[in-house]
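Peer 1: As given, the protein sequences belong to chains A and B, one line each in that order. By numbering that gives the first Met the number 0, the letter at position 66 of the first sequence is numbered 65, and the numbering carries on one by one without gaps. By numbering that gives the first Met the number 0, the letter at position 100 of the second sequence is numbered 99, and the numbering carries on one by one without gaps.
None of these hints come from the bench; they were simulated from the model. Heads up, the beta-carbon is just placed ideally off N, CA and C, and yes, glycines get one too. One thing to keep in mind: the hints can contain errors.
Chain A regions said to be covered by chain B (calculated; three or more residues, Cβ under 8 Å) [stated by the list, open to error]: (1) 29-37; (2) 40-53; (3) 57-69; (4) 121-128.
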Amino acid sequence: MVTLASENGSGQKLWRELWHWLKGSWADRMLLLVSLAGILYASQWIHHEVSAGPAMVDIFHDEVLLAQYPFPEAGKSIHFDAEGELGISEIVIDSEGVHFSSSPCQTQYCVLNGHHSESGEVIACVPNRILVTIKGSRKNGIQYDAIVE
Amino acid sequence: MIRSIPRPSLPSLEHKAKWLSMLLLAVSLHVFEAALPSLGPWFKPGLANIATLLALVILGPRAAVMLAIWRVIVGGFLIGTLFTPTFIISMAGGIAAVIAMLTAWRLLPGITLIGVSLIGALAHMTAQFVTVESLFIHQQALYYLLPPLLLLSVVTGWMNGGLATYIVAQLKESD
């Protein structure tokens, strides 16, 4: 019991210490509120911008739209080779989402980024200058299967 | 005839020694962050910014700006990213953060190191995106990624500011 009480006491002391160093001033908290409000507004605006229409995967190299695909049916997949500054980035679109299966870049962040399937999600390979974006909602259904290349 | 070299004053030497020790701290944190498992392709906790905050409070604005620049150069040299896109993005973020922090520190009444750090973190992240969009991937869709990463920056900026406040208080106590 004594041990438990002292543990509770030290736990409370730790929280008090943390609160002391992390509470900030009123100006800091105002700044926090303004920042959070700005971020919330921006994310709502982006969500509104990108969620209209059926889900489509856009693949860009710099300003050029290389390809645009809808998500395929379950069990099927689309493989696209996007030629960038360093070489070819292999992009796979399947019912799980879209991902980079290989990339000529050194960091491999784009490959490690894994699958993305939600509207507004982006995978970028900066060294190879390839950008993959998802627009539209999968709930809206696939209304067409046009491919722009 | 041997001309004697003027000896620098003790305060000037002390200032330089403090700046160098902070640079070492900043570079160590920069390299440590690079070695950390990635929390996402665009995200680092910004620990090196703590050294810039300390330099701002202890050594002044000029030292803080120089520290932010040299930290990226030496850090980039050590981790092998010097003059690569990573280096350019990091430099843009570092300079934007230190300018934003200086401005906030001077102009915003009632702000502490926590608020300054928060502004620095937001400026760092935003500048990185603007740099990538304007120099590497010319697609505004890139900004879709920004809000969630700014949210993480708010958290880490606040924590780093708290840590910097604690370090400054400990340093003052030991003086």
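Peer 1: Each of the hints needs a verdict: does it hold here or not?
Peer 2: Outcome of the hint check:
{"no.": "1", "hint": "29-37", "result": "holds (count 4)"}
{"no.": "2", "hint": "40-53", "result": "holds (count 4)"}
{"no.": "3", "hint": "57-69", "result": "holds (count 4)"}
{"no.": "4", "hint": "121-128", "result": "holds (count 5)"}
The structure is consistent with each of the numbered hints, conforming to all of them.
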